[in-house]
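*Asks:* Protein chains in written order, with the working numbering: chain G, 1 to 343; chain A, 1 to 343; chain S, 1 to 343.
Warning: the hint list may mix true and false statements.
Identical copies look the same in the list; a pair holds intra-copy or inter-copy alike.
[As the list claims (entries may be wrong)] In silico SDA-like cross-links for lysine to any residue, where the CA-CA straight-line distance does not exceed 20 Å:
1. Lys266 x Arg159
2. Lys161 x Pro291
3. Lys43 x Leu286
4. Lys161 x Ser315
5. Lys161 x Gln263
6. Lys161 x Ile190
7. Lys266 x Leu205
8. Lys161 x Glu25
9. Lys43 x Leu83
10. Lys43 x Ala107
11. Lys43 x Ile190
12. Lys266 x Asp20
13. Lys266 x Asn219
14. Lys43 x Ser131
15. Lys43 x Glu106
16. Lys3 x Phe125
17. Lys43 x Ala316
18. Lys3 x Gly142
19. Lys3 x His23
20. Lys43 x Glu132
21. Lys161 x Asn8
22. Lys43 x Asn104
23. Lys3 x Asp100
Please keep in mind that the hints were generated in silico from the structure rather than gathered at the bench.
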Amino acid sequence: MQKNIQYNAEGELQHFLTIDDLHRETLEQILDTAENFAGVNDKAIKKAPLLRGKTVANIFFENSTRTRTTFELAAKRLSADVLNVNLVTSSTKKGESLLDTLRNLEAMQCDMFIVRHGDSGAAHFIANHVSEHISVVNGGDGQHSHPTQGMLDMFTIRRAKGSFENLCVVIIGDILHSRVARSDIAALRILGTREIRVVAPRTLLPADVEAMGVSVYHNIEQALQDADVIMGLRLQNERMQGATVPSADEFFLTYGLTQERLQLAKPDAIVMHPGPTNRGVEIDGLVADGPQSFILQQVTFGIAVRMAVMAITMSANQNPIGSNVDESGTSQANSVTSNPISG
Amino acid sequence: MQKNIQYNAEGELQHFLTIDDLHRETLEQILDTAENFAGVNDKAIKKAPLLRGKTVANIFFENSTRTRTTFELAAKRLSADVLNVNLVTSSTKKGESLLDTLRNLEAMQCDMFIVRHGDSGAAHFIANHVSEHISVVNGGDGQHSHPTQGMLDMFTIRRAKGSFENLCVVIIGDILHSRVARSDIAALRILGTREIRVVAPRTLLPADVEAMGVSVYHNIEQALQDADVIMGLRLQNERMQGATVPSADEFFLTYGLTQERLQLAKPDAIVMHPGPTNRGVEIDGLVADGPQSFILQQVTFGIAVRMAVMAITMSANQNPIGSNVDESGTSQANSVTSNPISG
Amino acid sequence: MQKNIQYNAEGELQHFLTIDDLHRETLEQILDTAENFAGVNDKAIKKAPLLRGKTVANIFFENSTRTRTTFELAAKRLSADVLNVNLVTSSTKKGESLLDTLRNLEAMQCDMFIVRHGDSGAAHFIANHVSEHISVVNGGDGQHSHPTQGMLDMFTIRRAKGSFENLCVVIIGDILHSRVARSDIAALRILGTREIRVVAPRTLLPADVEAMGVSVYHNIEQALQDADVIMGLRLQNERMQGATVPSADEFFLTYGLTQERLQLAKPDAIVMHPGPTNRGVEIDGLVADGPQSFILQQVTFGIAVRMAVMAITMSANQNPIGSNVDESGTSQANSVTSNPISG
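Turn these sequences into a full structure, and let the hints steer you where they fit.
*Replies:* Here it is, written out as structure tokens:
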């Protein structure tokens, strides 16, 4: 059996790259830990000292203000030092020079790399090449995986519904190109969801969609019957130019989540979307802002879930937290403070 | 009477958008609080724990390194986490999508928005739409208002002159386009200044200038007679191309603050300017650097005044500071620290 | 004798601009202090409270993500607030307006300026014009000096070799344009290195190279005989276009550090390079990644050395650290905390 590089030798989660091959216990550990941090974020002082003195490098090869911001906030609320490393502009850098950049960040004694990259598999590549004292967290790689988004979606569902066993979850839209959909489906299956439905035109479904363990629908009204959870996906602009769907208007007509269609689901069904929403394309603005919408809660829970992932993976790398943590933060540096400047 | 959205239900200052409709007591509270923070900034350790665990988002729709930097320093010296959100590049975003951006920052549990925007009224619009746990501070909106600049100018004057009742203040230059002038005049009036004079060519004065409660001059020598405080304003480059003034040289000849003209004011008159100065346009370099110049003190006091505004407005929002503040910063997170990682 | 502006009236190092005219004791103080900080960086919590409440402004007139990042990390690990001021885009700013920018940063009560500039002498110019409570650290100016790089190289050598008296150090490549080479040679001489050799084509050597106190070689095989330390230098792209060397390939053929050539040095010789390396130009990738390479250790030690330089120079300026340091960080602000908001 091939080694799963996400777990260290002790079986602890050191990297967080994809949900696909994680144990159910790991997912539940992330959700339970995030519950603790959601409490921190509700307090007047949103600050936990857990990663004090740790350096988190946000390494973004692809622009994403939104995701970078939530990771940055999560790290700061854990008291880490954050380094934003924007490599979008140096897109020609490849292979060896990417590794050179990583080696240098390692040498600066960073403890965690948050990686966002346009190529599927980039986060795995990096995790395979970093030294033991680093944790790698995938902030989205190509069309492959966006596991922290997947886990914040699971957190949102568990908060609203309690558990997964009896749920019918419907995912609408561009399954083919969505790393969010892939991560959500993996997580929902591992957590034992009763039924997962996807509904989309054939052009937005992967060829092997049945193998994903989902029921496939092409009619949204049928798909929404008795749904507990309805997840929209963002339709990228380039898809709306007639390449894979006739037009944005046509898509809304056939697959848009309207108030009328929402009534086909269970009365207490919740509506989710990874954002940013295209109102009038995937979703009616009245639904996005309506009482069943959990879209903004997803953003809020995203901070807590990212804090949880950071805390868990950091505690599994070779620079463990808490080993000699001193709450006042001073005794660590006593030898330095008492007579710091030689000569 | 229309509700003043700057004050909360308890009459405390929750937002700081414009000076125009504030009570004199509020202005004095800001000045008194800034005195405390000016003391902090003089100390070897320029740090107060007041906003520890709070997240301040600097939302800039308009470039301004200078203003952004002073707000960032003010927030950091209050121990807040600072998020710089640059929306200059996404200038096409309008209406709904601006609100979407704000809703997301709210969902990330930010506590304060510092807003800089090219449109007059933008800060009010945002304050009208944020949830109760957010404070909005106007960092300059269009030609409308720049209230923290106004208050730092008042702080500078009070430091130098003690009180406002007996003062003659002269404001020179582009009153028409200056949000600084508007904020200064409002503050000076509320604080009971004896006489406010403006001096400028007609093309740089608003049509309703008399209604602002100021005396209008077109001759700088007359305006400077017996002045206690002389405030220059920055002349934007586009005004110097012959559109509203014949040329930069011509402006300096007629309205520039020279050493010779300065002697017409009281011997202890102080010279102020919001910066950056155009030397040889609004002001002679020798005056800007001379013994009567308070231009750099304005920058210094600007940090203390912004700390005061942040502290006061934050204490009035629904996420009050100090409610369960623990100086060591650890007990808040005890449940997390003691057993943070579930499973 | 001209005053050395790097030392204050008490003979303490207030600015760190160039290694050339420093005392040996100062260099040893920096190395000894860096030893303490290297310990901090090895710990789980890489944080010392020494510069808590201080503001460090990273003022970069020249792009250098790498150097800026190490200074930023060093400052954050000393608990300082860091302000990144990018002036690359405003390259037309000159003379007076540079001073205006500095005066404003001073007025914001920054305590330290890290300066990177394309013009030789820029850091000295700035140090000559700042007020007494500021320390200036040169982060590289033109072809003049890069003293923190010089000191991290010395730290690396001392860690590997213990002392300098018996060493033979060989510097290969573009001595003419390298501020690193200049700083290294100055430091090696002050620290009493037995022999310093430089090896390069004549086009990459300064006219007065003999006056630098080094032995000059044009044959790399001869230069490497019995070497203890081998330092490569980065060859800039513009030199490889036939201007000063025939081509990158030709340079590697004649001066590249290969495994074969490395064997001419002592068996325990160490290989260094300031990075980023041009593999196949100055150095063979196998040597750069080989067991004798200290290239990544240089990066690691660079953080500790920059922490040492910051701590030493800050303690010599007019805003001394430690004078009223309170570890909990609260008593400083007591007057503010107990009743911060007036009115």
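*Asks:* Please go over all the hints and tell whether each is borne out by the structure.
*Replies:* Right, here's what the structure says about each hint:
no.	hint	result
1	Lys266 x Arg159	within (17 Å within a copy, 66 Å between copies)
2	Lys161 x Pro291	within (15 Å within a copy, 56 Å between copies)
3	Lys43 x Leu286	neither (31 Å within a copy, 53 Å between copies)
4	Lys161 x Ser315	neither (30 Å within a copy, 35 Å between copies)
5	Lys161 x Gln263	within (18 Å within a copy, 68 Å between copies)
6	Lys161 x Ile190	within (17 Å within a copy, 55 Å between copies)
7	Lys266 x Leu205	neither (25 Å within a copy, 63 Å between copies)
8	Lys161 x Glu25	within (19 Å within a copy, 50 Å between copies)
9	Lys43 x Leu83	between (26 Å within a copy, 19 Å between copies)
10	Lys43 x Ala107	between (36 Å within a copy, 14 Å between copies)
11	Lys43 x Ile190	neither (32 Å within a copy, 37 Å between copies)
12	Lys266 x Asp20	neither (29 Å within a copy, 52 Å between copies)
13	Lys266 x Asn219	within (17 Å within a copy, 76 Å between copies)
14	Lys43 x Ser131	between (36 Å within a copy, 16 Å between copies)
15	Lys43 x Glu106	between (34 Å within a copy, 15 Å between copies)
16	Lys3 x Phe125	within (14 Å within a copy, 55 Å between copies)
17	Lys43 x Ala316	between (27 Å within a copy, 16 Å between copies)
18	Lys3 x Gly142	neither (23 Å within a copy, 50 Å between copies)
19	Lys3 x His23	within (14 Å within a copy, 56 Å between copies)
20	Lys43 x Glu132	between (35 Å within a copy, 15 Å between copies)
21	Lys161 x Asn8	neither (32 Å within a copy, 36 Å between copies)
22	Lys43 x Asn104	between (37 Å within a copy, 19 Å between copies)
23	Lys3 x Asp100	neither (26 Å within a copy, 43 Å between copies)
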